[in-house]
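**Student:** Spelled out from the first residue to the last, the chains are:
Number of protein chains: 2
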Amino acid sequence: MTAPGPFKLKIQLYCGDEIAMGPGKADLLDAIGAHGSISGAARAMDMSYRRAWLLVDAMNRCWREPLVETSPGSAHGGGARVTPFGTAVLAHYRALQARLDSASHCPDHAALEAAMLPAPRVTQKG
Amino acid sequence: MTAPGPFKLKIQLYCGDEIAMGPGKADLLDAIGAHGSISGAARAMDMSYRRAWLLVDAMNRCWREPLVETSPGSAHGGGARVTPFGTAVLAHYRALQARLDSASHCPDHAALEAAMLPAPRVTQKG
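Residue numbers (this note's numbering), protein chains in the order written: chain E, 1 to 126; chain B, 1 to 126.
In case anyone wonders, no lab produced these hints; they're calculated from the structure. Just so you know, these numbers come straight off a predicted model, no measurement behind them. Heads up, some of the hints might be wrong.
For chains that are exact copies, the list does not tell them apart, and a pair is met inside one copy or across any two.
What the hints assert, rightly or not - When the alpha-carbon atoms are kept at most 20 Å apart in a straight line, the in silico DMTMM-like pairs for lysine to aspartate or glutamate are as follows:
1. K8 - E113
2. K10 - E113
3. K10 - E65
4. K10 - D27
5. K10 - E69
6. K8 - E69
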């Protein structure tokens, strides 16, 4: 985890009222790919198993095919993998993110950075 | 307020750990401009006066010059206006937002929309 830079871009894709894909869900897919299970991914992301499971469930309900497949096992036990469909969705999301990150280098962005202080002042009197 | 579309882009500018500008603060500046006071803007945005005041305070501490100027008055009373500096910051932020919105129309975005369901499925069995 790096400290937040001055500029943060958050791309959220909604399916009805659910967030089908966003920064947290994309990172969770990466972690499931790296760790081979929802519980391992949750641990690596310092997230509860329950929360990781709910995010996976939401993703699997929002897309035409599941993004994550689990194999049955003991409680919290079985493995999980990102499906080829999930890998494709993640790649498109990362590509969109990279495209917008690079589009954000522009004179308006430079003007905003120049106008901002390096750190906030202390609270003024009310 | 419109329902969230499938795609939502959130640009946040950080000053240290504070959000110096983001969608909510930009909308608040617009509302202060329209209503001429923090309390009027808060009412229009269905936000508490305290929350609006805290957002204004954060903005005024993060930039080289204040974005909002208040004129003294009765409690919650005095008027407020967006300074010329604040108007410029807001214009750069809106321009950056428009630039990224238009950059988001691309094949990756189209592929994501095609892969998403129009509405989420019901929760699957655990």
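**Student:** For each hint, tell me whether it holds in the structure or not.
**Tutor:** Quick rundown of the hints versus the structure:
Proximity of K8 and E113 under a CA criterion of 20 Å is satisfied intra-copy only: 12 Å inside one chain copy versus 23 Å between copies. For the homomeric pair K10 and E113, the shortest alpha-carbon distances inside one copy (18 Å) and between copies (17 Å) are both at most 20 Å. For the identical chains of this complex, K10 and E65 are neighbours neither inside a copy (24 Å) nor across copies (27 Å), given an alpha-carbon limit of 20 Å. For a Cα distance limit of 20 Å, the shortest separation of K10 from D27 qualifies both inside one copy, at 13 Å, and across copies, at 17 Å.
Neither within a single protomer nor between protomers do K10 and E69 lie at most 20 Å apart by alpha-carbon distance, with minima of 26 Å and 30 Å respectively. Proximity of K8 to E69 under the C-alpha cut-off of 20 Å is found in neither arrangement, the shortest distances being 31 Å within a copy and 27 Å between copies.
Comparing the model with each numbered hint stated earlier shows that hints 3, 5, 6 do not hold.
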